[in-house]
Every structure is written in C-alpha cells, then in structure tokens.
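J.: Sequence:
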Amino acid sequence: MKKVFVICALLLTAASAVYAQKKNVTKAQYFLEDALMDPKHVNYERADMAWGFVEQAMKNPESVNMAKTWNIAGNLKVIYSNKMLMDRSSTGNMDYDAFFDLQYDIVTFFSRCDSLERLPNKKGEVKEPEYRKTNLELIKTPRQNLLIAGSQYVNSDVNRCIKFLDLYFSTFSDPFMAELNFESTDTMKYDAYYILGNAYEQLKDTAKVIPAYEQAVNSETYGKNACFGLMQIYKNRGQNDKWLEYCELGVKKFPNEPVFSKVLLGNYIENKRWDDALKIADLLIKNEPDDEWAYYNKGLIYFESNRANEAYEVFLQTIKIKPDYLEAYAAAGKAAWKVADTSKDKNVTKEYYNKAIEMFEKARELSPDDATTWGYSLYACYNNIGNTAKAKEFAKYLKQ
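Position one of the sequence shown corresponds to residue 14 (our numbering), numbered consecutively onward.
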C-alpha cells in the first residue's frame, strides 16, 4: 500500500511541476498584455515581469517546446528593440551590440515558435500556425538588421559577423518565412555573400570563401571584387584554368571594368591566342576609344599574327593618341620593316623602309640615349635602301 502512495505522490509532484511551468507561460502572457495595454505608452516594468516568467519557461523542458513560450519571448524582444530605437532618437546614443543581439533573438524566437506550431498534434494533424501572420510582419525589419550587423562586424569581429549572416541566410529556406519569398525579393542577398566571403577570408578559411564569392559575383556592388578574389585564390593555388574562368567571367559580367579585360588580354597574348586577344583589345577600345595601351597591344597582336601592315596602322593610331609613346614608334618601325621585307613589290618595299626609318628616327629623337630601341634598326633599314653613308653612321650599333 505504501508503494501505491509513493507512486501517487510522485505523479502528483510531476503534474504540479508541469502545471507550475505552464503557469509561468500564462503569467508571462498576462504581464505582456498588461504592458501593452496602451501601445503608445508601454509599461516596461510589466514587460520586465513578463520576461522574468518567460525566461524560466524557455529553459524548462515542460514549457520549452510550447510555441506560446517563444511567441511571448519574441514579442518582448520587439518591445525592447523599439525602446532602444526611441531612446536613441532622444539621446543620440545606442548600444549597437545589444541592439543587434535583440534583432537576432527576434528572428530566432519567432522562427522557433513557428517550427513548434508546425508539429503534428496527437492526432497527427498540423494546424494552421496561430502566430505566423503577425510574426511575419514583426521579423521583416529585424531580418534586414541581421545583414546590417554583418556589415558592421566584418572588419571588427568576424565571428559575430558570421553569426548574424548565418541566421540571415537561414531565412531563405525557413518554412516560417516561405510566403515572403526572400529568394526573389531580397536584392541584398549577393552583397551579403560578399561580406560573408570577406569574413571567411580574414579567417583564412578558403574552403568557405569560394562558395560565398561564387554567389557574390552576381552582386552589382561587390561582384567585381568577388571575381578578383576568386582569381587571386586560384592564382595562389596554381589552378590556371579556374583563374582564367573567372577572369573571362569578369570581362563578360563587367565589360566596363577595364582591369579584367587588360589582365585577360595579357593572358591571351602570352598564350598566343591571337583571335581571342584581338576581341578583347577591340572591347577595350570600344569602351575607351583613347586607350593607347589597348591600341598598342592590338598592334602587337597584329604583328605577332603576321599582319604587319595592319599592325603598322594601329601603331600610328596609338601615336596619334600619345605622341611621345616611345615603344609605339619602335613597334611601328618594326611593323613597317616587316612589310618591306616581305613585300614582292619594290615600290612597296622602298616605301615601307622609309616609313620604318621615320619611326625609328622619331624614337631616337624621343630617347637619344636608348640606342637599343633604334640603333641597329636604323642601320639595317638605311643599308637595305642603299643609303650606305647613313648606314655607316649607325654601324657601331651592330653588336647591340
């Protein structure tokens, strides 16, 4: 008989404990409603009392899995967040760490509330969430503030930055927020990926930088920076194929950003991809018609692909843009010389030797001490047109 009494006593004690914890939720709800009796004048003393009860309920296994517990907690955090904003408007001061922590809690608590409401009841039924409609409105601004927090902390506390951004990204797949369709409506998503990648880059966690930057290349603000970041990663790894992939992507996505085109042009020239190089040079010239560097390299492409006549004309255009471009005069001279050497028409040969001499003489005028640019070339061209007197003048440069 004693055993029966002991068992009954234990059952009554357990039931009493469960009731006490559920009563904490009821009390928290009561004080929350009392605090908001006049929405224009929140009773913060009552709100604090509500928080005292719900904080216990959030820790106790008997009430921690009640949706109502987390709904109350979320609403109290909203009250405290709004109070901080009002205080800032009057004092000009704010504890931003505390404020951002409130934003984190609001999103977390309401998400937890909704996930509990989606659980099937004892009959296996899933009812329409009671709090969802109201709470979706309440999380919109705090969710945006998660991204602001990430951008605030990226240069000062990368771990906090990652904490806030991880929660921000979780909202895209959270069933609670599905009807808000953040995947389509959030225009800041790709900016957030860049900030996240930057944080991981500071931690030297390249494995996490790469997927973040791969998404961030779609950012209108930071896309080119993400592209550069990926290029640098793959360059350091010696993965030239991936480096080239993102360099080409940079040219495609950011045609008005000349750095990608110039780097890619250098790569194509180095690898003798003349047709591809010519397209990039033309793109650079289209975007910046007075870019003497692009014209000069276009001339080199023509020269190396045995189109010396066209190379000569392009070098003349380069000189027109920059009249003191020493290398362009020397290159124009070499192009004219090559035309003269390969032509079967004696008149053309003579004409282009004279053009070559004109270019090399200009190079000499611009840089009289740099005989390697014009010395031997003038000797050869004068000699080839039969001007032995002038050729002798430059014979001393034969060994250069």
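Calculated directly from the structure, the hints in this document are not laboratory data. Please read all numbers here as calculations on a predicted model, not as lab measurements. Check each hint, because a few of them may be wrong.
Within a straight-line C-alpha distance of at most 20 Å, the following computed EDC-like cross-link-like pairs (lysine to aspartate or glutamate) qualify [said to hold, decoys possible]:
id: 1; residue 1: K285; residue 2: E270
id: 2; residue 1: K96; residue 2: E75
id: 3; residue 1: K146; residue 2: D110
Now the in silico label distances, taken between C-beta atoms and shown as ranges [unchecked claim]:
id: 4; residue 1: T104; residue 2: E258; range: 48 to 58 Å
id: 5; residue 1: E143; residue 2: N238; range: 40 to 50 Å
id: 6; residue 1: N400; residue 2: D303; range: 29 to 39 Å
id: 7; residue 1: Y57; residue 2: E233; range: 51 to 61 Å
Just so it is clear, CB atoms sit at the ideal spot from N, CA and C, and this is done for glycine as well.
J.: All the hints need checking, so say for each whether the structure fits it.
T.: Do the hints match the structure? See the list:
About 23 Å separates the Cα atoms of K285 and E270, which puts this hinted pair outside 20 Å; it is violated. Of the pairs offered as hints, the one joining K96 and E75 is violated, with about 31 Å between alpha carbons and a cut-off of 20 Å exceeded. For a cut-off of 20 Å, the pair hint linking K146 to D110 is broken: about 29 Å separates their Cα positions. The beta-carbon spacing between T104 and E258, approximately 52 Å, falls within the hinted interval of 48 to 58 Å.
A C-beta distance of roughly 45 Å is found between E143 and N238, which places it inside the suggested range of 40 to 50 Å. Checked against the hint of 29 to 39 Å, the pair N400 and D303 passes, with Cβ atoms roughly 37 Å apart. One distance hint, 51 to 61 Å for the beta-carbon pair Y57 and E233, is violated here, with the actual separation near 42 Å.
The structure shown violates the earlier hints numbered 1, 2, 3, 7.
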